[in-house]
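Chains as they are written, first to last, in the working numbering: chain A, 1 to 274; chain G, 275 to 583.
Just to be clear, a hint being listed does not mean it is correct.
Pairs of lysine to aspartate or glutamate, DMTMM-like flavour, derived with a Cα cap of 25 Å [said to hold, decoys possible]:
no.: 1; chain 1: A; residue 1: Lys221; chain 2: G; residue 2: Asp547
no.: 2; chain 1: A; residue 1: Lys130; chain 2: G; residue 2: Asp514
no.: 3; chain 1: A; residue 1: Lys261; chain 2: G; residue 2: Asp514
no.: 4; chain 1: G; residue 1: Lys386; chain 2: G; residue 2: Asp514
no.: 5; chain 1: A; residue 1: Lys100; chain 2: A; residue 2: Glu174
no.: 6; chain 1: G; residue 1: Lys577; chain 2: A; residue 2: Asp103
no.: 7; chain 1: A; residue 1: Lys273; chain 2: G; residue 2: Asp514
no.: 8; chain 1: G; residue 1: Lys577; chain 2: A; residue 2: Asp104
no.: 9; chain 1: G; residue 1: Lys517; chain 2: A; residue 2: Glu166
no.: 10; chain 1: G; residue 1: Lys543; chain 2: A; residue 2: Asp132
no.: 11; chain 1: A; residue 1: Lys130; chain 2: G; residue 2: Glu429
no.: 12; chain 1: G; residue 1: Lys577; chain 2: A; residue 2: Glu166
no.: 13; chain 1: G; residue 1: Lys577; chain 2: A; residue 2: Asp132
Keep in mind that the hints were calculated from the coordinates and are not lab data.
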Amino acid sequence: MHKSRANSLIFTTLSIAYAALILFPVFWMWSYAFKSESEMFARPTVWLFTPTFEHFGYMIENGYHHYLVNSLIVSGASTALVVLIGTPAAYAFARYRDMKFRDDLFLFVLATRMAPPVCLVIPYYLIYAKFDLLDTYLGLVIAYLTFNLSFYVWVLSSFCRDLPLELEEAARVEGYSRAQAFVKVLLPLLRPGITATAVLCFIFAWNEFMYAFLLGGQTVKTLPVGIPSLITTQGVRWGEMAIIGMVGTLPVMVVVFFLQKHIVRGLTMGAVKG
Amino acid sequence: MTEISAPSAAAAVPTDDGYHRESRWYPYALIAPTMLTLAVVALVPFLYMGWISLHEARYGQVGAFAGLENFRKLLSDARFWNSMSVSALFVVIAVPIEFMLGLIGALVLSQKIRFRSVLIPFLFIPSMMAPIIVGLVWKTMLAGSWGFFSYNILERFGILEGASVFASPDLALYGLIFVDIWEWTPFMVLTFFAGMQALPANPFWAAQVDGANPVQIFFRLTLPMLAPLLVVIGLIRTIDAFKVYDTIYILTNGGPGITTESLSVLGYKYTFDFWEIGTASALAVVIWLVFFVFCNVFYQIAKRRLNVF
């Protein structure tokens, strides 16, 4: 008994040390948002400092709050669209497993998810240039469908497989049509899965850099695009970059606490239930 | 809701004929919006890119049919082979380390530890953060003479003085690999941990009763039972590591020279720096073929062995 308590102490210490190793760099980067330049570049490292808000002033003066608004609009719109289009498909892929070409179609969905963005961004750029979609909200929302719609269908489909078949049959016996049984009986049960998957979609869109950088142009700049824009010819604006890093990470922090059970399932495309 | 046995449910379903006719088209109607959308947003651009790869194309102008000329140009470009080896090296070093550390971490996490439920959410943070912000975190931590990590660790222990890891041709790639390991190991830990928690308990009790030691239990029970999961996660991570772009862009953008120029970075440069659209498309087609093979293997294993899809 004594030995197992010692072991428990060692493993607990190890785990806490590891969590600190993960968190420390993130919080250290955040601290730059409140440091003056001399404190940032000090050797040896400065631990205590009086916070300054000059960097926040720069961000507002230069319109970086629009980046935040753009991020919210694009991520929100693309997530809403994905839920609307993808929910029936996720259910069908889980429920009608013997439909013809199911495996091929499902694999196609997976392939669009896995596709490297650099492959798609080239044709997108040329097509958007032709149809005047560069530099528009719609353009980014469409581009985000490639990875989010396929992700949503795959992961929600794994939630759908957990639904009991008997419930649907019972509803059919009560005289519901298939569509009614889905909407009135299954959809309410599926709500936690839909919420979790949709929130993950929102985060992926929120985090996306390459499409936003190349297709967003001058007016539809999202938060991640703000980071390289602060590496200027007059030098790197570390404090301002740290503000974007902080604001960009906050929603992620909230999500990991509320959705922890579903993140494993999401990031493994439904392969691990979490 | 009252329990209804299966046969009576089947009998009560309205008119057999209509039921079957309905059942044939109904699933396709449900997936139609998704499949049509994906066809437009993914398949059409992909085919368009394939078409461009067979034509002369520069500066956004698609010219005459060129056959496989773009592919020939690509395969004879030393820069392409350099990027292949950069990407391969990145994957071959980063993924196995993440994998091993992930397994060890999952084993530690499944011991009797306190505050586990408090610690777990924090482990999700690196893999859920925007990769570009992960890059920013390490850009500041490893920023030469004043970066926290470069000053307090690298310089103190005489590994590297006064310069950023990412400015050194010898170290830059390993710096990027380190960042990737920091970013993705916690994800591996949590996934393997979740997998271990889901294993049935009976075989483990039986093994303990039979007097197996922890090492035997790990190699003879845990590992074989987790095997399909490990393969699937390994594949997902391999695919992701192959296409990593954001962190490289912000940390080195392929430099110094071309020492960290991965396939994604090269694809970007072909397109938006050199405007060699034809060659870029050929590169994209090659990358996509490789990915499709990976995806297929992933799918087959996941479907047959894990029975989750």
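Each hint tested on the structure:
no.	hint	verdict
1	Lys221(A) with Asp547(G)	holds, 20 Å
2	Lys130(A) with Asp514(G)	violated, 31 Å
3	Lys261(A) with Asp514(G)	holds, 22 Å
4	Lys386(G) with Asp514(G)	violated, 32 Å
5	Lys100(A) with Glu174(A)	violated, 29 Å
6	Lys577(G) with Asp103(A)	holds, 10 Å
7	Lys273(A) with Asp514(G)	holds, 20 Å
8	Lys577(G) with Asp104(A)	holds, 12 Å
9	Lys517(G) with Glu166(A)	violated, 43 Å
10	Lys543(G) with Asp132(A)	holds, 23 Å
11	Lys130(A) with Glu429(G)	violated, 52 Å
12	Lys577(G) with Glu166(A)	holds, 24 Å
13	Lys577(G) with Asp132(A)	violated, 42 Å
The earlier numbered hints that this structure contradicts are 2, 4, 5, 9, 11, 13.
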